[in-house]
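Below are the chains, spelled out letter by letter.
Number of protein chains: 2
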Amino acid sequence: MTASQVSLALIQQHTLFQDVPIEALRQILENGQVIRLSEGDTVFRQGDTASRFYVLLQGNLKIAQTTPSGEQVTVRHVNPGEIFGIARAMQRTTFPATSIVMRESLILSWPNNYWDTLLKLNPRFAQSTFETVGQRLQDAHSRIRELSTDEVEQRVAKALLRMVKDSGVNTTDGIEIGYPVTRQDIAELTGTTLHTVSRLLSNWKTKGLVISGRRRITITSIDGLQALINDPDQPNT
Amino acid sequence: MTASQVSLALIQQHTLFQDVPIEALRQILENGQVIRLSEGDTVFRQGDTASRFYVLLQGNLKIAQTTPSGEQVTVRHVNPGEIFGIARAMQRTTFPATSIVMRESLILSWPNNYWDTLLKLNPRFAQSTFETVGQRLQDAHSRIRELSTDEVEQRVAKALLRMVKDSGVNTTDGIEIGYPVTRQDIAELTGTTLHTVSRLLSNWKTKGLVISGRRRITITSIDGLQALINDPDQPNT
DNA sequence: CGTCCCGTTGATCCCTATCAAATGTAGTGG
DNA sequence: CCACTACATTTGATAGGGATCAACGGGACG
Chain C
21 MTASQVSLAL
31 IQQHTLFQDV
41 PIEALRQILE
51 NGQVIRLSEG
61 DTVFRQGDTA
71 SRFYVLLQGN
81 LKIAQTTPSG
91 EQVTVRHVNP
101 GEIFGIARAM
111 QRTTFPATSI
121 VMRESLILSW
131 PNNYWDTLLK
141 LNPRFAQSTF
151 ETVGQRLQDA
161 HSRIRELSTD
171 EVEQRVAKAL
181 LRMVKDSGVN
191 TTDGIEIGYP
201 VTRQDIAELT
211 GTTLHTVSRL
221 LSNWKTKGLV
231 ISGRRRITIT
241 SIDGLQALIN
251 DPDQPNT
Chain B
21 MTASQVSLAL
31 IQQHTLFQDV
41 PIEALRQILE
51 NGQVIRLSEG
61 DTVFRQGDTA
71 SRFYVLLQGN
81 LKIAQTTPSG
91 EQVTVRHVNP
101 GEIFGIARAM
111 QRTTFPATSI
121 VMRESLILSW
131 PNNYWDTLLK
141 LNPRFAQSTF
151 ETVGQRLQDA
161 HSRIRELSTD
171 EVEQRVAKAL
181 LRMVKDSGVN
191 TTDGIEIGYP
201 VTRQDIAELT
211 GTTLHTVSRL
221 LSNWKTKGLV
231 ISGRRRITIT
241 SIDGLQALIN
251 DPDQPNT
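Going down the list, the sequences are from chains C and B.
Note that my numbering has the first sequence beginning at 21, numbered continuously upward.
Note that my numbering has the second sequence beginning at 21, numbered continuously upward.
Don't take each hint at face value.
The list makes no distinction among identical chains, and a pair is therefore deemed to hold if it is satisfied within one copy or across any two copies.
Stated by the list, open to error - Quick list of in silico lysine to aspartate or glutamate cross-link-like pairs, DMTMM-like style, CA-CA up to 25 Å:
#  : residue 1 : residue 2
1  : Lys178    : Glu91
2  : Lys82     : Asp61
3  : Lys225    : Glu151
4  : Lys185    : Glu124
5  : Lys227    : Glu50
6  : Lys227    : Glu171
7  : Lys227    : Asp193
8  : Lys82     : Asp159
9  : Lys140    : Asp251
10 : Lys225    : Asp159
11 : Lys82     : Asp170
12 : Lys225    : Glu59
13 : Lys140    : Glu173
14 : Lys227    : Glu43
15 : Lys185    : Asp136
16 : Lys140    : Glu91
17 : Lys185    : Glu50
18 : Lys178    : Glu43
19 : Lys82     : Glu151
20 : Lys82     : Asp251
21 : Lys225    : Asp193
22 : Lys140    : Glu151
23 : Lys178    : Asp159
24 : Lys227    : Glu124
The hints are simulated quantities; they were obtained by calculation from the structure and are not laboratory data.
Quantities reported herein were computed from a predicted structural model and do not represent experimental measurements.
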């Protein structure tokens with residue numbers, strides 16, 4: 021099986037490319053480029069000239085911004101089937117953030133000038149992309165609201181719930197986040213420090229809500245975490 | 021001059037409708053509806069069924085989300101010429117936020133089913149809207165970064181600078197924000213409390229950076245505020 | 001088996017929310 | 001025109017959530 025054939029099987033699974041005739045799909049793939057990247061690699065960096073646009077076929081990425089002082093903030097996660105790095109379609113010449121591979125990923129990309137052709141071959145693409153960006157805008161607004169009004173404990177709980185929702189895998193103990201996560205990662209995602217995240221996880225472990233080891237987190241009680249969000253000042257058992 | 025003629029003059033000024041033939045513009049206006057709203061009015065409320073989409077012709081709005089506990093968070097401001105309330109174009113059935121009039125405003129709107137017609141009459145509309153949403157997404161990401169890493173003082177300074185940039189009017193003292201702003205408004209915009217904002221403004225007043233009265237803020241030293249952002253731990257003079 | 005990460009936990013400090021109360025300002029109706 | 005009222009602002013006092021500083025423990029990998 022060639023790389024192209026593997027990609028064909030993968031791309032068909034994603035709603036973004038459903039209803040596209042197999043011949044058009046083949047053509048779309050031939051004009052694109054598939055790369056496999058490992059954990060820690062970057063697809064593009066903040067400030068790079070935006071010459072291509074991307075779809076994540078498999079794996080997980082995070083999109084992060086680096087502040088002038090060097091701190092990193094995770095702006096969002098990218099899940100399989102999602103389009104990303106579409107700066108050019110928004111008339112930007114450079115990428116506003118860096119995309120970092122969280123676990124081995126398969127990435128499909130095209131040069132910017134293929135955008136119009138792609139729209140013709142896949143008419144749903146335009147509307148779908150628009151909806152995706154709209155959805156992201158709403159997610160971003162939700163996070164602004166959370167950062168403005170929630171306490172750290174609730175923000176971290178919400179972040180964990182989102183991660184298991186997007187990429188959870190069932191285990192005998194509960195649902196495990198499907199990629200490596202450090203305390204630092206969660207801190208960058210929730211606007212806090214790795215120390216505070218560590219304390220929270222320790223606390224939750226004693227309450228039986230999570231099991232966590234080095235770069236691994238398993239939620240044993242979704243409801244327990246949910247309760248922390250609903251009743252912020254629950255008495256500590 | 022009829023309401024329609026007033027609107028025609030206004031709509032032509034905005035880049036969103038430039039290059040649209042006058043006849044098409046007339047037709048677009050006839051199918052739309054113009055309303056004038058006063059300070060404190062709402063155009064639509066969070067949770068309302070999204071049956072129309074809007075363009076702000078004149079005035080200023082804020083888009084706010086109410087948290088389950090009743091606090092309000094300002095998600096963004098809307099300036100003249102901007103499209104807003106396009107939930108339906110993103111396949112949402114309800115509005116995710118409330119739009120509140122900050123000063124008397126003129127608002128143009130169409131029923132959702134006019135969207136496709138509008139696209140035909142104004143081909144640039146689709147791309148323009150896409151870019152607008154993309155820009156907003158980036159603005160939202162910037163705010164996430166700020167809320168995650170900046171101290172309150174820097175966030176408030178940035179908020180003031182944005183407001184004067186968007187809607188500043190020159191006065192003999194400096195640049196005044198062109199609509200009424202309370203300490204509470206700024207607090208909702210920056211994720212802090214009105215007390216902290218009041219203390220900051222008092223402090224800045226003694227430093228000669230701002231002049232502020234009841235619901236009025238004038239920046240006397242843009243550079244001074246900018247310095248607070250660049251050098252977070254400037255010695256207090 | 002040593003080294004590099006990652007995680008844990010204690011101690012301390014400080015920014016900012018919260019609580020509280022007084023003062024100031026625009027608008028309104030008699 | 002003034003008193004009344006509603007709302008905005010200011011400022012003090014206090015408390016507390018988390019950041020910061022510091023040190024140690026532990027598992028993975030070369």
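Comparing the hints with the structure gives:
no. : hint               : verdict
1   : Lys178 with Glu91  : both (22 Å within a copy, 19 Å between copies)
2   : Lys82 with Asp61   : within (11 Å within a copy, 40 Å between copies)
3   : Lys225 with Glu151 : neither (38 Å within a copy, 45 Å between copies)
4   : Lys185 with Glu124 : within (20 Å within a copy, 44 Å between copies)
5   : Lys227 with Glu50  : neither (52 Å within a copy, 63 Å between copies)
6   : Lys227 with Glu171 : within (19 Å within a copy, 33 Å between copies)
7   : Lys227 with Asp193 : within (15 Å within a copy, 59 Å between copies)
8   : Lys82 with Asp159  : both (15 Å within a copy, 18 Å between copies)
9   : Lys140 with Asp251 : neither (50 Å within a copy, 50 Å between copies)
10  : Lys225 with Asp159 : neither (28 Å within a copy, 37 Å between copies)
11  : Lys82 with Asp170  : both (23 Å within a copy, 21 Å between copies)
12  : Lys225 with Glu59  : neither (27 Å within a copy, 50 Å between copies)
13  : Lys140 with Glu173 : neither (47 Å within a copy, 49 Å between copies)
14  : Lys227 with Glu43  : neither (54 Å within a copy, 68 Å between copies)
15  : Lys185 with Asp136 : neither (34 Å within a copy, 35 Å between copies)
16  : Lys140 with Glu91  : neither (41 Å within a copy, 46 Å between copies)
17  : Lys185 with Glu50  : neither (33 Å within a copy, 46 Å between copies)
18  : Lys178 with Glu43  : neither (42 Å within a copy, 51 Å between copies)
19  : Lys82 with Glu151  : both (20 Å within a copy, 23 Å between copies)
20  : Lys82 with Asp251  : neither (30 Å within a copy, 29 Å between copies)
21  : Lys225 with Asp193 : within (13 Å within a copy, 58 Å between copies)
22  : Lys140 with Glu151 : both (18 Å within a copy, 20 Å between copies)
23  : Lys178 with Asp159 : both (12 Å within a copy, 22 Å between copies)
24  : Lys227 with Glu124 : neither (33 Å within a copy, 53 Å between copies)
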